[in-house]
Amino acid sequence: MEIVKVGMAGTMESSDAIVTIEPNTDSGIQIYLQSSVEKQFGNQIRSVITETLRALDVDHGIVRVNDKGALDCVIRARVQTAVLRASDGGQFNWKEED
Amino acid sequence: MGKLRRTMMYVPGNNPGMIKDAHIFGSDSIMFDLEDSVSVKEKDAARFLVYNALKTIDYEGVETVVRVNGLDTPYGKEDFEAIVRAKPNIIRLPKTEKPEDVLEADKLISKIEDEAGIPSGTVKLMAAIESALGIINSYEIAKASPRLVAIAIGAEDFVTDMKTTRSLDGVEILVARSQVLLAARAAGIYALDTVFSDVNDEEGFINEVKLAKQLGFDGKSVINPRQIEPVHQIYTPTQNEIEKSIRVLEAIEEAERKGSGVISLDGKMIDGPIVDRARRVIDLAIVTGVYVEEEGEGIA
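If you read the sequences in order, they're chains A and B.
Number 17 in numbering that gives the first Met the number 0 belongs to position 18 of the first sequence; there are no gaps in the numbering.
Number 203 in numbering that gives the first Met the number 0 belongs to position 204 of the second sequence; there are no gaps in the numbering.
Looking at chain A on its own, in the form it has when it is part of the complex (with noise of 0.2 Å):
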């Protein structure tokens, strides 16, 4: 999936994350990450928002994201969200999940 704009998901609450998805002018993924508990689980996170990615046919892009303490499937939901609202009128494709 092509980011071709600003895309962002989540909130600053407890438990929740804010992703930010924009386009990179240099080619691969750059991944900012701030989290409370970023020595802990820092790698973990950075894991799963690289996964996510990969899942969506994401390339290229700039992603940042400031944990408040959010569970994997949290992170993996807004990351998915912050994609589909930077690209340009793309679905999700369900299916693949099966």
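Worth flagging that the hints you see were computed from the coordinates, not collected in a lab.
One or more hints might be untrue.
Stated by the list, open to error - Quick partial rundown of chain A residues pointing at chain B, CB under 10 Å, derived from the structure:
#, residue
1, 74
2, 76
3, 90
To be verified - Covered by chain B, according to a simulated footprint, are these stretches of chain A (three or more residues, beta-carbon under 8 Å):
#, segment
4, 11 to 21
5, 78 to 89
What the hints assert, rightly or not - Sample of chain B residues lacking proximity to chain A, with all beta carbon distances greater than 10 Å (derived):
#, residue
6, 24
7, 61
8, 233
9, 248
10, 271
11, 273
12, 288
13, 289
In this text, a Cβ means the ideal position worked out from N, Cα and C, and glycines have one as well.
Guided by the hints, dock chain B onto chain A, whose structure is given.
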């Protein structure tokens, strides 16, 4: 005794903090809402959130329900595509007005179950009836599909449709409640009462739960964890009711042993419906944990 559905707690679908802990408060069911509690701009976010939560979080056996947007809205179809794949126990259909609404949802769920390799009939349906037309059609709705396990009355939309407002004694929804109950009982499915919106009015809430139970509802939708315990208390048989029921069941057992036709207890005739009610009290007492049948005690 079927499943307990005394309390179904609403959880806004775009609130991760509430979604992750929804099962710890002790309600019989939790209902993640994608409909009225989610703004139009956040429908996509809530759908992804509830989908991922259901796929990941262990709700420890608490019944999971998702209220989707209606199929007549721009969000309904995709809600079904996502949520059926996340396999909640039940999808709750809002603003159901005619049996065709249930049939359309049933057909769509069947199609998605088939595509996703989910055994047919895994995801059940319940229908919320929230308008005059829905109430008029409630029996047709209740028996529209074997997938439908419950119908619920949604009073806020209903009173608006009726050009009135809700009152504490609920006189304006008495006919609708009764109609929903009659339809559910005739169709052999559960009937669930509407929410009570003022969480600070405990007395008003308790009175309403007592009324709902007396009418015959299986349970009530709740909007705050504080409302769970009072409902469970009201729906739990008292010691007096349990003792009375045990005596009824013992009397019938004794009479059957003796082969006597007419049974009386304390000068009152005991007949079929009384025995059925006593059995139901004991079943409810067992599943709510206030009565333990002793080994070999086996009442009737």
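- Query: Broken hints, numbered, in rising order?
  - Reply: Violated: none.
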